[in-house]
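The listed protein sequences derive, respectively, from chains A and B. If you want our numbering, it's the position in the first sequence, counting the first as 1, plus 1. If you want our numbering, it's the position in the second sequence, counting the first as 1, plus 221.
None of these hints come from the bench; they were simulated from the model. Hints should not be assumed to be uniformly reliable.
Some chain B residues judged to face chain A by a derived CB distance under 7 Å, without partners named [said to hold, decoys possible]: (1) K329; (2) A333; (3) V507; (4) N595; (5) M600; (6) K620; (7) R624; (8) V635; (9) Y659; (10) S662; (11) P665; (12) G903; (13) L909; (14) Y916; (15) M1301.
Note that the Cβ used here is the ideal one computed from N, Cα and C, for glycine as well.
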Amino acid sequence: MINSLFLINPSGEIFLEKHWKSVVSRSVCDYFLEAKEKALEPEDVPPVIHTPHHYLISIYRDKLFFLSVIQTEVPPLFVIEFLHRVAEMIQDYFGECSETVVKDHMVMVYELLEEMLDNGFPLATESNVLKEMIRPPTILRSVVNTLTGTSNVGDTLLTGQLSTIPWRRAGVRYTNNEAYFDVVEEIDAILDQSGRSSTDLSTGTTVQRSWKSDPEVKGQASGVCVCVCVVCKLCYDWLTGTTVFAEIQGVVEACVKLSGMPDLTLSFMNPRLLDDVSFHPCVRYKLWESERVLSFIPPDGNFTLMTYHVNAQNLVAIPVYVKQSISFFECGSDGRLDVTVGPKQTMGKTVEGVMVTVHLPKTILSINLTATQGSYTYDNGTKLLVWDIGKLNPQKLPNLRGSLSLQAGAPKPEENPSLNIDLKIQQLAISGLKVNRLDMFGEKYKPFKGVKYITKAGKFQVRT
Amino acid sequence: MTPMQKLLQLPVNAMNMVKTAQDQMGQQDEAKSPVMTPDGGNHNWYNGEPNDPRHIRFGSGGGDQEERAHLEEGGGSLSSLVTQPLRHDDLKEMLDSNKDSLKLEAMKRIVAMIARGKNASDLFPAVVKNVACKNIEVKKLVYVYLVRYAEEQQDLALLSISTFQRGLKDPNQLIRASALRVLSSIRVTIIVPIMMLAIKEAASDMSPYVRKTAAHAIPKLYSLDPEQKDCLIEVIEKLLADKTTLVAGSVVMAFEEVCPERIDLIHKNYRKLCNLLIDVEEWGQVVIINMLTRYARTQFLNPNMNESLLEEGGGEKAFYGSDNDDDTDDEEDKEEKEKKKTEATAIVKRKPYVMDPDHRLLLRNTKPLLQSRNAAVVMAVAQLYFHLAPKAEVGVIAKALVRLMRSHSEVQYVVLQNVATMSIKRRGMFEPYLKSFYIRSTDPTQIKVLKLEVLTNLANETNISTILREFQTYIKSNDKDFVAATIQAIGRCATNIGEVRDTCLNGLVQLLSNRDELVVAESVVVIKKLLQMQPEQHSDIIKHMAKLTDNIQVPMARASILWLIGEYCEHVPKIAPDVLRKMAKTFTNEEDIVKLQIINLAAKLYLTNSKQTKLLTQYVLNLAKYDQNYDIRDRARFIRQLIVPTDKSGALSKYAKKLFLALKPAPVLESPFKDRDHFQLGSLSHLLNAKAGGYQVLPDWPEAAPDPSVRNVEVPEWTKCSSREKRKEKKADKPFYSDSEGESGPTESADSASDTASGSESGSGSEESGSGSESEESNEESESASEEDEEEEGKKKKKNVEKIKARKPVPESESEPSSGEDVKKSEKKSKPRIGSSESESEEDDDSESESSESEEEESEEESEEETKKKKKTTASKPPSKPPKKENKKEKKEMSLLDFDDFDPAPSPSQVTPLNNFLSSSLVTDLEGLSLTDNVLSPTTIIPSGNLKTYELLHRITGEGLSVEYCFSRQPFSPDPHMVAVKIQFTNSATSEAKSLHVEDAKLQSGMRIKEFPEIEVLPAGETISVVMGIDFCDSTQAANFQLCTHTRKFFVSIQPPVGELMMPIFMTENEFKKEQGQLMGMNEITEKLTLEEKCQGEHAVVQRVTTAANLSRVPCGSDKECRFAGKTVTSGSLVLVSVVTKEDGAAQLTVNCEKMVIGTMLVKDIHQALTQ
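The shape of chain A in the complex, shown without the other chains:
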């Protein structure tokens, strides 16, 4: 299946290679590097490349390319999923997945890769099993190892793989038995125009926008206020927009540090909210089907218990609205930007960590903006404007305004850039999902249990 793996940094240097079958010359990567040169962004490199003798399947993650070499037919997702597993494993072991980390722990990464695949077929990919075979580095352990001459390689060889519960280590012991669950929900949304989702337009399917960029026609047809830019008649803005698309994606992250073989049952107050779910292999699917409870023997440590999707038919509460106007003047090489963010349906919680990211058009030369709250950074190389607002104060709405100057002679940008919004609301699951209780069977001690809710913005985009 998977023949070889190459780790490549963004500048195209191959800094790690591992072969599970006969060695494949690293010149095979040239095809990939060629494709990489062609692509504008690293994300644009095609994940699957066909070369005369091999197929290259790659992922781009954490600023690294994981490139695998395939010789025969294999489901591409199989490889992609595995490569992501490798990246996760590195992150899990060393805290982050980056070039320096891999270079620092070259041998251990190599050993891990050796264990993860056998002849190109995944052998041990469960974090708990791997950690039993090759122990992750800790400061304490490295000191102990030097003193006693012991090693990081586990000698109580992988019971996990032999047991019927491959994801859990045997013989786990903790003095404090704790189980924490984080319910993290992300709002994926595309908001049109001003970013205020309103119902008056959402029903207006009859509104056929004319193809011509004619503000009058638009205004009449939709029956909404049209603001016509005073300076230039062609610049206009819709003050009312629509939620083009919104849904909630949730995930239950768990951190379980319990001794022995606990058997947990987690139940929700309102499980019917959940429309689509996917589980960690430990969850008993049948019980979910029949009783809508999550029953499982947890892996040791951190893991993703489930991910879910909340029915899109239920209206999604959008916690913020964005009023914006970005306009460029046809005649001069100048433009204006004015963005205001305000809270909307926040269920009485404060919206924190608000951040607005804008990819400005390539023709922008410089910007001159003032923010009433927070600070903004602008990278002229990537044309990336990031406005870090922080906490949202309903009394005094944060605003960012100022002028944009275009390169001389450059035409007015065709499209206004869309805004990507980041936000966080603590102690709230925007879908209203609530954990009812957590019960433990199989062990005698009383564990400490905790549940935390967070709502975040996922792929939250405001079109302008």
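Model the placement of chain B on the given structure of chain A, informed by the hints.
For chain B alone, coordinates are given in the frame of chain A:
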């Protein structure tokens, strides 16, 4: 990077004496660096390195060590080490030293070199020496090195083989496995026979982990030597029959690589694979599902063949009726329709379609996997459903696929490709999720284009306005490739949906005034295609476009406009000559494709309007005649001959008009994903739209289904019978069982969650499929299955039988149902719901909600009726028995013996005596109470009635002498390491037997036997007991010996159950806990089980455990937990057993034993004892 920088980076390179050719950077370095000279002397370059001196000393041992250790740990990272230069000689020295830490250090550096792709092959001899190193970490690294370089240094690699061969015999399964893994990975052709042997041996290893490794080794060997294929297929066949989830995925992978064409090997294992699927690890699931998709395509009938008749023929067409005006779409549709009609007529002749139960089984068991966290698994199930499921059911996969769209962009990329293909065939499936395919400005371009593709495929009259509005947003994007793709998409929507064609066309025309030339050009090209469909109505658009020739510079667009004007010059008679005039002016400056079109335009105009354009045409042709491009010169010459009438002009010129002004068919704008589904979805070949190496073609459905009985697994006749009886009893108790199962659910272990294999179905359906794997297992190993298993199995068997009946009547079983019917009737009188539960289990295709509802119902009423029912069952049972016994004469005995408490014995010779419940529980109580007194050993108290008696010699074979033995559980006084076996001779012959003694013992090595004193005379009709001692060496190997009388010799053997290989010891609770704590990990085996209903008391548990194994009870504070302790007779290894009971009969059994084999077997035995 300057050369100097490169030099500074050199250190690692410096270690490489030999460079691989492909390492270009390395080569440069080599060329420049003096260090590279093979003599490895002390070079100037080194002196330039500030850290240098340390490293030259490095490895010389002694005083440096501390400093180095400090350095290593202080640095904490290898990179700091790796950047320090170290030559191969130093590394060799380190490897040769006898300090593990030095070796380890050297190995780490070497592996780091390998990881960076640097050559370390000349260290091979030094490394290979360490293959037998005791330090496990060094050993592992040596293995890593070997696997990498053995192929290059085959001769030297042979030196290591013996180490692995030794490893293959190691008692530790993990060492066996890792030895096999490395041995099979080193790719040295000479050892093929050794590998073959090793694989064969490992394939029948006791440990499933070793068997898994064997499965992994198969493709390795195959790639090394394809000649071995036949032998390997044998091994695969054997491993396919394996029943553990651990092996299943790996062996199917081996199957796919070695012999994917041998689909016949799957038949017997098909049902097992389906049932195991949910418990197999994720990667194995993907492989199995893909393989089963192919299998199903060869074995079952197309589930959609009837639907295609009903729906495709009329329904869908009517619904999308408007499509009919479309010429493009229609052609294919018609074709399809036609095909379907012929198919349909063929079907009409055949009988109506009934889905094979095995086909259903596959669909049902894969469905829950749509909820997997692994995208590859979800995709595998999705493609399975797409290729195999009836049309109505395919929809379930849409939601899961849409979910994957949230994942990484690479996953999105692959999923979208597949969705694009699916959405052509099954548009309705993804329509509800339309908005999930909306494009974000942050998506990578390739994702955007794919999403666009899907949106276009999903477009129909109802949603087109929404989609077009969305497209309108996209057109404003900064990403021009994406804009071009959007315009193409609009064009396709316009061709496919008649109503919006004008809207689209107008929209595109608006785009012609776009400032961006690319957008305009793309629009022109698309408009051209659209206009070709109905040119008459759009002469104004053509005029508009004609005007554009002044502005548009993109060659393709100009060419398109010119072609359009030429083609439809009749519609624009005034403008066309003018355009030609303008073009003639700029001819020399145009691009080639434009020039060609100018010539074309001129020719066409000449033919239609020669008066106005004759001169212009001449002029253009003359210009073209001297063009630099020979294509254009050729074209000009050719056209001149064709259109300009000369005296010499050939016959063709008459047809010039026909040639140029022929009606051209409108282009078909179709998805590049059309018909891609002839590749198996989710495969690499599908993604590339080209056959990848090793791709297995997805076969078409067969015309007639092959014989389904090939999948039937042989089942011993008696199980069928007895379980059938059980089934009826069970049915009566149904509410009770299903309820208890439901409640004990949460505490079930994950592996018993194989119930979930049944997925959505609860109640009887799930029980049935859940037990599938277990029951089969118990069958083959001919061990006594637990009672419940038996029942479930019975249900399954019955179902199978029913299935078979559905296909073809099975004469042998036909008489039974009638008798069963009687019982049913008698039961029905009192319990009306039995009928319903019956039908439920029969129609496993029932909808989930239905069955779960009925289960709920049952559980509600359970409490009231439970007791009543039980009584009734027992009451109604006796009359039902006799007819059954008639049916199965051979098994009469068995049924008679186990009237109520059926106890399937492991071997026919084993007989279970009835236990005296009261007394034994009293005994165990006493055990618990006993505190210090070892004398109060339970063995002495256990009534002999509690001991199982086994037959050693049957009365008939023994010619009147029958011999039985039992394990008396008394310490064997002459030798404490022996197990006491009490042998009872009965002389039922008429004459007396003389001089009974043991002779000629054939024993496994280490085993010893202490014979009983010779019995001189055993008179007829008399019975005599003697005790002999056998040291079984803590194994369950049989002791074989000859039993001699004065006349004859009988070969007999005594095989001990594992429970008899130990003797009880007394422990306090604390001691027990302490010892248990020391026997963790590999030495601990835990299993969850559900106690049989009669066994749900503490006493019962204690009694059953002590019957199964010779252990003594350890006092325990909790009444939920029972603990037992013992030690093995020979080696005195501790055996600790604890049973923790939970509510509703769930329990957890833990066995801690130093000897893993004993532990595993003991778990099996006790499990069996408790669940019977």
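Hints and how they fare:
A cut of 7 Å between beta carbons decides the hint on K329 (chain B): the least distance to chain A is about 5 Å, and the hint holds. The interface hint given for A333 (chain B) holds, since its Cβ lies 5 Å from the closest Cβ of chain A, which is under the 7 Å cut-off. Interface hint status for V507 (chain B): upheld, as the beta-carbon distance to the closest one in chain A is roughly 5 Å, under 7 Å. Of the supplied interface hints, the one on N595 (chain B) holds, with its beta-carbon coming within about 6 Å of a beta-carbon of chain A, less than 7 Å.
Because the smallest distance between the Cβ of M600 (chain B) and any Cβ of chain A comes to about 5 Å, under 7 Å, the interface hint for this residue holds. At a threshold of 7 Å, the smallest CB-CB gap from K620 (chain B) to chain A is about 5 Å, leaving the interface hint in force. At about 5 Å, the closest approach between the beta carbon of R624 (chain B) and any beta carbon in chain A falls short of 7 Å, and the interface hint on this residue holds. About 5 Å separates the beta-carbon of V635 (chain B) from the nearest beta-carbon of chain A, less than 7 Å, and the hint is met.
At about 5 Å, the closest approach between the beta carbon of Y659 (chain B) and any beta carbon in chain A falls short of 7 Å, and the interface hint on this residue holds. Hint status for S662 (chain B) relative to chain A: holds, with the closest Cβ pair at about 5 Å, below 7 Å. The beta carbon of P665 (chain B) is positioned within 7 Å of a beta carbon in chain A (closest approach about 4 Å), and the interface hint is therefore held. Checking G903 (chain B) against chain A: minimum C-beta separation of about 5 Å stays under 7 Å; hint holds.
Checking L909 (chain B) against chain A: minimum C-beta separation of about 6 Å stays under 7 Å; hint holds. With 7 Å as the threshold, the beta carbon of Y916 (chain B) comes within range of chain A, its nearest partner Cβ sitting at about 4 Å, so the hint holds. The restraint placing M1301 (chain B) at the interface with chain A holds, with a minimum CB-CB distance near 4 Å, inside the 7 Å limit.
The structure agrees with every numbered hint stated previously.
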